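Chemist: Here is how the chains run, residue by residue.
2 protein chains.
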Amino acid sequence: MSKPHNRRSARADAEQYILQRQGQPYPASRKIYSAGSNAGVNVAMREIVLQDSVIGGSNVAPLLQANAPVRVYDTSGPYSCADADINIRKGLAPLRQNWITQRGDTEIIQDFSSAYSRQQWQDDSLQALRFEQQAPRRKASGNSPVTQLAYARRGIITPEMEYVAIRENLGRANAEAAADARIQHQGQSFGATLPQQITAEFVRQEIAAGRAILPANINHPELEPMIIGRNFLVKVNANIGNSAVSSSIEEEVEKLLWATRWGADTVMDLSTGRYIHQTREWIIRNSPVPIGTVPLYQALEKVGGIAENLTWDLFRDTLIEQAEQGVDYFTIHAGVRLAYVPLTAKRLTGIVSRGGSIMAKWCLAHHQENFLYQHFDDICDIMRAYDISFSLGDGLRPGSIADANDEAQFAELKTLGELTHRAWAKEVQVMVEGPGHVPMQLIRENMQLQQEYCADAPFYTLGPLTTDIAPGYDHLTSAIGAAQIGWYGCAMLCYVTPKEHLGLPDKNDVKEGLIAYKIAAHAADLAKGHPGAQLRDDALSKARFEFRWQDQFNLSLNPERARDYHDQTLPQESGKVAHFCSMCGPKFCSMKISQDVRDYAEKIAVQQLDAEQGMQTKARQFRQHGAALYHKADTELDGD
Amino acid sequence: MSKPHNRRSARADAEQYILQRQGQPYPASRKIYSAGSNAGVNVAMREIVLQDSVIGGSNVAPLLQANAPVRVYDTSGPYSCADADINIRKGLAPLRQNWITQRGDTEIIQDFSSAYSRQQWQDDSLQALRFEQQAPRRKASGNSPVTQLAYARRGIITPEMEYVAIRENLGRANAEAAADARIQHQGQSFGATLPQQITAEFVRQEIAAGRAILPANINHPELEPMIIGRNFLVKVNANIGNSAVSSSIEEEVEKLLWATRWGADTVMDLSTGRYIHQTREWIIRNSPVPIGTVPLYQALEKVGGIAENLTWDLFRDTLIEQAEQGVDYFTIHAGVRLAYVPLTAKRLTGIVSRGGSIMAKWCLAHHQENFLYQHFDDICDIMRAYDISFSLGDGLRPGSIADANDEAQFAELKTLGELTHRAWAKEVQVMVEGPGHVPMQLIRENMQLQQEYCADAPFYTLGPLTTDIAPGYDHLTSAIGAAQIGWYGCAMLCYVTPKEHLGLPDKNDVKEGLIAYKIAAHAADLAKGHPGAQLRDDALSKARFEFRWQDQFNLSLNPERARDYHDQTLPQESGKVAHFCSMCGPKFCSMKISQDVRDYAEKIAVQQLDAEQGMQTKARQFRQHGAALYHKADTELDGD
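First to last, the sequence lines map onto chains Z and U. Mapping of the first sequence onto the numbering used here: residues 682 to 1321, in sequence order. Mapping of the second sequence onto the numbering used here: residues 682 to 1321, in sequence order.
The set of hints was computed from the structure by calculation and includes no laboratory data. This one's a predicted model, so the numbers in the text were calculated from it and none came from an experiment. Ideal Cβ placement from N, Cα and C applies to all residues, glycine included. Some clues are possibly wrong.
Partial list, derived from the structure: chain U residues whose beta carbon lies under 10 Å from chain Z [unchecked claim]: (1) R702; (2) L744; (3) E813; (4) P817; (5) A821; (6) T1025; (7) G1036; (8) H1118; (9) G1153; (10) L1185; (11) K1188; (12) D1206; (13) R1225; (14) P1240; (15) T1250.
Covered by chain U, per the in silico footprint, the following chain Z stretches (three or more residues, Cβ under 8 Å) [to be verified]: (16) 847-855; (17) 969-975.
Start from the sequences and build out the full structure, keeping to the hints where you can.
Modeler: Rendered as structure tokens:
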């Protein structure tokens, strides 16, 4: 695992990070497991433990009221479990291995089916870069698909589906039944169906209908099953990957762990440099989340970057290579048809998808139809033998506000709809990629046309960015659009980092991008009215109102930053229990005053005094106790 | 200007910053002035100068094509002018002085009308803190209002109105007429009227109708007139101000300059600590933008923080004190009526507005109607004598997702509607404040009810925050909501910084909050279809596509950051002209490939060859030139 690299420090840090990796819990959190009916279905969740509420003032013994822990969706896998046995060199335990083998429709292959994989395996010079633990690889034993879609259509509820149902529910039935639970606002779901409780049968139906996918390659048994569909929680993808200019294997593995820790539901490895094959193996073996790739990038590497030298045979071998490594979904730019390329000529920013521009160049050079389109059924045949899902690439997505929703974009989208149906005919799972740069008033049309053309296959968009004028802040320009399209029905949001358009994201960029997108996804869940979505907001706001600072930090998406920001002006430990913060200072804290007001007003209501007379009496008492009330009046009024 | 302070370093830095202040242009920008018909109307704008586009490849002499400079709205005042005479101790030149005096309806007062102002002026111990240059103060000479609303209703177009019209247009007629200008997307304006060219008469009509305000106290002649209304560019406010816990006068002046440099259209001084009076004077005298305050904060300071000791007389004196300093708009929490306070008792987070909680406490303590409501007409009489605009405070805004759009909030909003009409009857300008914490699906209702209750008076909202779970990132949770409500018709967005809920913002927080809100406001302008809004996006995207990196940086909202992010991986000067960046590296740059594709496809279209035959011929040629095309094929194909 050593190679020449001129950025030794970053690489050394990364190596340190991954080799010394141990289970590292989130602050004030514990890992809990919720068992299903299928053997081995034991769904990991994170539970944030809260402090008690203190009821009453300081002159009487305060009443303590417990606050139920808050369960949150956990993408971090075993890495956030304190006593997990982590060894990056060995990879994660194959959670799904038995489920896959017990289905009896796959077989172990004796050698890699890909010529390139065999060559890489036999090249001794790559020994040092190679992932050591090689598990046997599988493929479908017959011609029948081994996809979750095929099972779902046959009425089979797989352990993966049950896992997903439990995972999506987050035990919310208990939380909502709690005495102090608040009624969530009614959502506006734009036609989404959001059952109060997700059952495994519901998951099966959604997959069978093509409205959701459960990306899970049989060669990636390590992943914790998750689902992507508009009737489930909105998901977030993080892109990682080295480029020719930057970063090493160690750094990419570090980014994977980092991304899942900060909430990435899936991770795309977009590496384009050398050692893509080896990097990918390290990533997949250590990933608790589905991994997506754009096989075209590696294929292009294999032909020295000369797009017009790409061939179907070479591409096919790349698909199989990656399939047997365990990639869970492939971005395939089969919608960039020859006839659409001239439609981009008048654009302000042409074709901005890498895959799209490569295929456009190939089409023009050969004046032939896109070979991915021509061989689409062949691609399906490969993917269904490993259960790889399609992410139908939007190679003609707009790269600027000016180019949004144009003819080229929607021509391709229509073709993606056609391809969706062709993939479904082969029982391959499909999601569809979307833009890009789109001003707010044009976002809805994207969602509507995608649903229409692609028959409700899940939509997976990059942003969209709602303005072009803020490079350095495109996580933010795009979080605005992502929140909206998530609300309208987009199933997964591909993050954008602050480095977008400017450079390769580093660890901090990955974190900032993810948090922006966790915010967007959660805002969308709230807006749709996703059951239980408001529980965490309510818990955090209650903690805030009760000055439980530690709980407020721990419930937030980034506890470290919340604590740090607070401590910049009030670093003392006393600040963590203070009934104010440095924003307004002790005398002006509206929350503090408001608590006094509330105690007082509630008291009046409870006592059901004659409104007018009672209030006046109270007002006199209130004035008598005036100064005391301002600081610690609760108990005095309690004594009335 | 010295006082004891335990945070010497921050203060010393700030002192340094403001005393050494010189005109500091934005990168690649120049200050230009556009003259009006009224004497002294000379509207400052910022013009970003661009490099030429290079057409053609490297083997022939390249053609250079000029790119017109891009005009952008400039809130920074003289501070961004290289040769401006800046002296913080003297304050800005009184741009509007002649306009005010020539109207002949105001007079110079011989002494401050406020007892508190006189006392502060006579207190020698405050000498060191005092702003040195005391200009004469004015008030209306009769009982007639001296407000822009009063003039507008009488059909008078003031120089301020003409200034605003020119400022809003940004010279876009020229830019849109340019040969390469692109047609902007059609907006969705939700009923806004957005004329292609803003005339002074249009400004007058909007002010007369109450749909817009032009906040401009006659005692703040230094400000550059601006307008707030849904039919104009969406504006952004930044809050600054020290609290009892933190910060000094020097730091607040620094924050003012900083905020206007980063795009604050107005600034609210929310100081609550000592020396509020002195801090405010320094701020106003140096501010090119309108200054808002919440007079209640200072009034509370004067009664030692005891809300129930507040009286109308004391409050009245505070209004006059601030009026004669030049505050341009007052937040007045007159809508927190006694009867509404109990409606907050069942809330998750009670009353979270400082002003709201103070007034609620006062109401309960006295069991009397809010004295601001009772004396509302008296307040109007003061404000119309100086042309101070109302910002009707939403003291009962929701402080959590759970409390959004509840009975308390909308009861107050209805009262704000009543007060709007009462203010208009007195010819006082009015805008109305709004929430707060609101999930996306409930934002629209806020805008609709505000328009209905308040008869289209401008709406001015804090965010709204679309989720509670991300303290440390509430600039982002709220930019999502702000962009939406701006699109729906909100006229001004009050920024939220990353420190919201956690501590007092520092300089960096102010910048981050402002950029988030400039993004939100601009995204809203684009979505509404504001004429010319897309020009900057198009210019930046064109620069991006043409690899004019410097232009891309300079056109962005934060050129320093864009440049810095780029340079983190490609620091060399050659990276600034490279036809790729570190994201994808040289071989995978879709923009580069796309330019090749475009050149090629356009050529074909121009030559109008028989589509099929021509393309096949081209394909052969393309393959022959293959390798060359990939790197520098333009010229070879040009030779065909």
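Chemist: Are the hints correct? Go through all of them and say.
Modeler: Evaluation of the provided hints:
A distance limit of 10 Å between C-beta atoms decides the matter here; for R702/U the minimum to chain Z is near 25 Å, and the interface restraint is violated. Because the smallest distance between the Cβ of L744/U and any Cβ of chain Z comes to about 19 Å, over 10 Å, the interface hint for this residue is violated. Proximity of E813/U to chain Z is violated relative to the hint, the smallest CB-CB distance being about 29 Å (cut-off 10 Å). A cut of 10 Å between beta carbons decides the hint on P817/U: the least distance to chain Z is about 34 Å, and the hint is violated.
The interface hint given for A821/U is broken, as the beta carbon of that residue sits about 33 Å from the closest beta carbon of chain Z, more than 10 Å. The interface hint given for T1025/U holds, since its Cβ lies 7 Å from the closest Cβ of chain Z, which is under the 10 Å cut-off. Among the interface hints, the one on G1036/U holds; its C-beta lies about 8 Å from the nearest C-beta in chain Z, closer than the 10 Å criterion. At about 8 Å, the closest approach between the beta carbon of H1118/U and any beta carbon in chain Z falls short of 10 Å, and the interface hint on this residue holds.
Given the 10 Å rule on beta carbons, the hint for G1153/U holds: about 4 Å separates it from the nearest Cβ of chain Z. Hint on L1185/U holds. Least Cβ distance to chain Z is approximately 5 Å, under the 10 Å limit. Below 10 Å, beta-carbon pairs count as interface contacts, and K1188/U has none with chain Z, the closest being about 12 Å; its hint is therefore violated. Satisfaction of the interface hint for D1206/U is found here, the shortest Cβ-Cβ separation to chain Z being roughly 9 Å, below the 10 Å cut-off.
Interface restraint check for R1225/U: the shortest CB-CB distance to chain Z comes to about 7 Å, inside 10 Å, so the restraint holds. A cut of 10 Å between beta carbons decides the hint on P1240/U: the least distance to chain Z is about 9 Å, and the hint holds. Because the beta carbon of T1250/U sits about 4 Å from the nearest beta carbon in chain Z, less than 10 Å, this interface hint is met. By the rule of at least three residues with a Cβ nearer than 8 Å to a Cβ of chain U, the coverage given for the region 847-855 of chain Z is violated, with 0 such residues.
Counting residues of the region 969-975 of chain Z whose beta carbon lies closer than 8 Å to any beta carbon of chain U gives 0, which falls short of the minimum of three for the stated coverage.
Hint compliance for this structure: hints 1, 2, 3, 4, 5, 11, 16 and 17 are not met, and every other hint is.
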